[in-house]
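K.L.:
Here the structure of chain S is known, so what remains is to put chains H and Z in place on it, guided by the hints.
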Amino acid sequence: MSPHQQQSTLAAQGPAADAIATLWWVMLGASAVILLAVIGLITFAIAAPPERRRWLASSRIVIAGGIVFPVVILSTLLSWSLWATRGLVARPSAALRIEVVGEQWWWRVTYLDDTGRPSVVTANEIHVPVGVPVTLVLTTADVIHSFWVPSLAGKLDMIPGHENRMYLRADSRGVYRGQCAEYCGGAHALMAFYVVALPPEAFEDWLTAQARPAPEPADDFLRRGRELFLSTGCGACHTVRGTAATGVIGPDLTHVGSRTSLAAGILANNQGTLAGWIAAAQHIKPGNRMPSFNVVSGEELRAIAAWLESLR
Amino acid sequence: MTSYPNPLPRPKEELAELERVWQPPSGFGIVTAVNNTYIGIYYVGTAVLFFLLAGILALLMRVQLALPENDFLAQDAYNQVFTMHGTIMMFLFAVPAVEAMAVYLLPNMQAARDLPFPRLSAYAFWAYAVGGLFFFCSLLFGVAPDGGWFMYPPLTSYQHSPGIGADFWLLGIGFIEISAIAGAIEIAVGVLRTRAPGMTLDKLPVYCWAMLIFAGMIIFGFPAVILCTALLEIERAFHWPFFIAEKGGDPLLWQHLFWFFGHPEVYIIFLPAAGFVSMIVPTMAQVPLVGYRWVVLALIATGFVAFGVWVHHMFATGIPALSLGFFSAASMAVSVPSGVQVFAWIATIAKGRLRLSVPSLFTLGFLAIFTLGGLTGVMVAIVPFDWQVHDTFFVVAHFHYVLIGGMVFPMFAAFYYWIPTASTRPLSETLGRWFFGLMFVGFNVTFFPMHIMGLLGMPRRVWTYPAEMGWGWLNLLATAGAALMTAGVLVFLADLLRNFRPFGDRNAGNVWNAGTLEWLPNGNYASRSIPSVASRDPLWDQPHLAKDVEAGRYYLPGAPTGKRETIVTSPIDAQPQYLLQMPGPSWPTVLAAWSTAVFFLMLTVKLYWLSIIPGLAAVAFVIRWLWETDPGYYHPPVDVGGGVVLPVYATGPVSHSWWAMIVLILVIGSIFACLVFAYLFLWTVSPDVWPAATGLPLPDLVWPLASAGLLGLSSVVIALGGRALARSWHWLVRGAVLVAVPLPGLALWAELLGQWRTGLRAPDSGYAAVVYMAGALQGTLVVVVAIMALYTLARSLCGLLDARRRATYDNTMLLWHYAVGQGLVGLALVHVTPRLLG
Amino acid sequence: MGDSSWGYARETLRMTAGLLVWAAHLAIVYGIVAMACARGHAASVTVAWVGAVTVASLLATSVILVTAVRQLGRGGDSRRFLDAVTAMVAGFSLIAIAWDGLPALFVPACPG
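Protein chains in written order, with this note's numbering: chain S, 1 to 312; chain H, 1 to 838; chain Z, 1 to 112.
If we strip away everything but chain S, and leave its shape as in the complex, we get:
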């Protein structure tokens, strides 16, 4: 199954999304009944013989249908939803903490170790262990964004000056797509990400691998790619741990080759898309902060892309 199909509130894969989906199906059923009843009453009021519809023509109906019935239904619904809210905002114990920072138009993801210090910095992709509660600390570097992975939980905004916390848990292994839900300017439509839920052991392996510096180039072509990357000035914005590139404006690329997608969930990740992105970033995602490096020759582009792809 393609990961794309997992951006749905109706394909719940965690307790938060699941509780909300249950609310939805119940509300849908009740609403359908009410809507049909109202339309039925209107039809009856128009078309039934006058003596048969007389009961409908009084203030008592206004009170019964307009006040008593809604008060009963809505009191029930309100109590239930408040109860559900209580469960959803309860802080889980001993949760893994991940910081996510919304930026125009991508996501900076930082894993914190037990002491609260950053251990891994990555972008646009959040790996979580299956069945383990995770605390996401949500902030923004510029404007308001909103963090949303419909299959796992509802959304929560990232607002300057505020630090919001989201608790979520993925109950099954999978790749879940998320997308910025608060309009954040130009390329808001192109600001997606993936949550990858792995079995706990696999997650630990992934975390360990991500904490390592970038691997040494395996051949000359890749080595040339690395040199070009550095000489073209990419390091001013990007960090590749283990090299001279230490920029912090754009995503950390130390293990960019290991990611599912490129440019915040909008391109598949391979040598071709990497090269395309470098050459035409402004065409692919207008207004983003990465210039289109269209002065780099095709051969050079291939070398840089190949090296980046090798960063697994």
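The set of hints was computed from the structure by calculation and includes no laboratory data. Since the model is a prediction, treat every value here as computed from it, not as a measurement. In this text, a Cβ means the ideal position worked out from N, Cα and C, and glycines have one as well. Hints should not be assumed to be uniformly reliable.
Per label pair, the in silico range of CB-to-CB distance [unchecked claim]:
| id | chain 1 | residue 1 | chain 2 | residue 2 | range |
| --- | --- | --- | --- | --- | --- |
| 1 | H | Ile613 | S | Pro291 | 41 to 47 Å |
| 2 | H | His817 | Z | Val69 | 37 to 43 Å |
| 3 | H | Glu69 | Z | Ala38 | 41 to 47 Å |
| 4 | S | Trp25 | H | Glu468 | 24 to 30 Å |
| 5 | S | Val137 | Z | Val69 | 53 to 59 Å |
| 6 | S | Val26 | H | Pro68 | 47 to 53 Å |
| 7 | S | Val137 | H | Pro68 | 54 to 60 Å |
| 8 | Z | Arg39 | H | Leu610 | 49 to 55 Å |
| 9 | S | Val26 | H | Lys547 | 57 to 63 Å |
| 10 | H | Trp609 | S | Gly242 | 34 to 40 Å |
| 11 | H | Ile56 | Z | Arg39 | 50 to 56 Å |
| 12 | S | Trp55 | Z | Gly76 | 52 to 58 Å |
| 13 | H | Leu610 | S | Gly116 | 55 to 61 Å |
| 14 | Z | Gly76 | H | Ile56 | 53 to 59 Å |
From chain H, some residues computed to sit far from chain S (all C-beta separations above 10 Å) [said to hold, decoys possible]:
| id | residue |
| --- | --- |
| 15 | Val21 |
| 16 | Trp22 |
| 17 | Val48 |
| 18 | Leu324 |
| 19 | Trp434 |
| 20 | Arg460 |
| 21 | Leu603 |
| 22 | Leu607 |
| 23 | Tyr608 |
If you want the footprint, here are the derived chain H segments under chain Z, 3+ residues with CB under 8 Å [unchecked claim]:
| id | region |
| --- | --- |
| 24 | 192-202 |
| 25 | 283-297 |
| 26 | 302-309 |
P.N.:
Leaving out everything else, chains H and Z in the frame of chain S:
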């Protein structure tokens, strides 16, 4: 056996005189018309024009989204288009449209000859029409705003939107703020004070009730948006950090203020539409409305509770869950009154026999669509569910169901229903049925799939989406529906072209056999005589009423003072109180409006120096227009019939102008209350920039005390001047005004100097910004009362002010005392609060 | 009470008294929670305050309702109408206030 106020036959010249007095201007002068039947129709027409323009923008979006990864509109264009679509639909179509309908309908429905401030309506209309078109044109030059219709900072502030797009948005909103407030004054005073004698509050047509609540909601809702747009423009222009988190501002302040206006706004749009329905259903069923009192309750309850639900637009912002719960509960409460109205309409239909003409069809379409929209409204009021669907196409579907279903369908019902009062021909039943069918099917095909898109994860405001998401077929379907709706609107336009013939000598008449007074035979002067009323549906209960009114048997069958007049009545029991002489067509009014529009446009495109010219021109034209509006008491009291002798002049609490001033004060007071909220809100989120934390000293108390002393003194002097005026000691009055005028300005100067000397600078922190903003608001008020006082002085010098003819002085004094009160509260806020809160 | 401008103002306040209590209730409980969460006050105290304000508001609205109901049916059409609406508004406000107090029973005051 009925006795009539006036005997027949009427003198021959009486009708001719009435017609002469109410004669609309001709030729180019037609733009100076102020009569509600003219301004109302210009106004509705302009609103419909903006509906069409914003509708075209919607079509562009639907074409872009019809296919995944489409490239019909580029990213920047799409972002401008959706921003303009929302902004125009909300601000330049929906609010003006319902206001315009009120300008047209209310006087006739209450058998008044016009609304109490005809020139104010004309000013509001022209400022809106010209300003709105300027705003729209920004799109043609590619400088339209692109921050979404609710323009959240920091995206829309100077760092992230440095262009003039956001300024254009603030310009567009500025005009609707002006015209909405003007309209609210007009409508509130009109509904309460210019009714047919005997039309007590319990006999008021439901539509008038709806418009009264509408006006109240504008009075308390629009101030929030007036303040937050002012704050954003000041932040953009002068970098006062109201919304900048690093400096102790907060982006959430914008959201609170915007939605404190924004949610009531939805009901500001819906209540008038519900009012239409409550008029149309009884006529079409030919029985009085069932549950009149319950419907009035529903309108009042909606008017209040709508102000308690704004946070449901902010459920995903991380506000404490308990707070969210309060607003979720209030959102449940606001749905109850809508249910009450729906059942009242159903009961009315059941009681009578519904005639299935076009107005009925649109009403039934409204009932179905609005009920669905209401049900999804309850869903999105449920906090956890909203966390999923907030900012998705589910919400887009929901609010189009409540806005198009709840406002546009009733408005088309109203067009088909009331056009016979405005046109020599009614609209076509056949074309109307086609129009309805295409709209109803097209609407549901367009918007129903959007619920599913949202549930499948499609966020709103995306200009493109990947094909793999599986949203493509739903979007294609929605675009097909939009094509159907377009066809429907074209049929409607064709119907208008064929059949709508306004400004004729004779209208199509009471084609539906309705029971309310707007169906009386009428001309430019409204009805020939002003009936007294004893029930809610007078045309049904008094079968000869139309004939008798037209024959001139009721009150005020002519124009006894030789001017435009109407009867002002008491607010609860509609007892005649005095005869209001109303101003007629006026060039200065129209020129003032155009100058205002040009002034704001120049400010927006940063022609600051040049803008002084239209700015001063606007003030001059306003003064010129007002100069004629206090005609004085020179005409002796008039016998309007039945022994009712009415004075021709009033001042003080009984006068309509005093009421208008009270309404204006409520507006200004609400703006100030929003600022107090802003101050306290910023303190709760950023105490670290408050004096106790920064160590910056507060001004020495001598400054605020001096300021308070000067303010108090000015009030005393103005009040003494009022006493002197009662004794016609004219030089003392003039002296008092001259002494009083500089005092509030000096008081403000003392306050600001005190703050300045501590080293506090507005751009430094949210605290500093809000402190100086309190001064800026007070400064605006100080300038206004100073101009008013000097205007009063000028009238005194021209001999237009004396012990009886003193409305100008009384109204100035009222605002003056308010300004002093606001100044004192403001001083307490910025000097006492930080000392108390620490 | 005459049908004067001031009489109208009094009548408006009376007619909407229930909803004015509702508005005050919402403003106060919202303020309490906003303050408590910004300043880290104890959750149990916050909830107790919200409960107390809700009970007081319900009592006040009940008084308005009972007073209005006892007035019902006297005077002319206009008087009867105003009294009836006063009572209906108060009744509606009771529901709205009760709902607004409900979250305090379920939801913790501030995020942990």
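K.L.:
If a hint holds in the structure, say so; if it does not, say that too.
P.N.:
Tested hints:
no. : hint                            : in the structure
1   : H/Ile613 / S/Pro291: 41 to 47 Å : holds (44 Å)
2   : H/His817 / Z/Val69: 37 to 43 Å  : holds (39 Å)
3   : H/Glu69 / Z/Ala38: 41 to 47 Å   : holds (45 Å)
4   : S/Trp25 / H/Glu468: 24 to 30 Å  : holds (26 Å)
5   : S/Val137 / Z/Val69: 53 to 59 Å  : holds (54 Å)
6   : S/Val26 / H/Pro68: 47 to 53 Å   : violated (32 Å)
7   : S/Val137 / H/Pro68: 54 to 60 Å  : violated (33 Å)
8   : Z/Arg39 / H/Leu610: 49 to 55 Å  : holds (50 Å)
9   : S/Val26 / H/Lys547: 57 to 63 Å  : holds (59 Å)
10  : H/Trp609 / S/Gly242: 34 to 40 Å : violated (59 Å)
11  : H/Ile56 / Z/Arg39: 50 to 56 Å   : holds (51 Å)
12  : S/Trp55 / Z/Gly76: 52 to 58 Å   : violated (32 Å)
13  : H/Leu610 / S/Gly116: 55 to 61 Å : holds (57 Å)
14  : Z/Gly76 / H/Ile56: 53 to 59 Å   : holds (54 Å)
15  : Val21                           : holds (45 Å)
16  : Trp22                           : holds (42 Å)
17  : Val48                           : holds (28 Å)
18  : Leu324                          : violated (7 Å)
19  : Trp434                          : holds (21 Å)
20  : Arg460                          : violated (8 Å)
21  : Leu603                          : holds (25 Å)
22  : Leu607                          : holds (27 Å)
23  : Tyr608                          : holds (28 Å)
24  : 192-202                         : holds (count 4)
25  : 283-297                         : holds (count 4)
26  : 302-309                         : holds (count 4)
Hint compliance for this structure: hints 6, 7, 10, 12, 18 and 20 are broken, all remaining hints hold.
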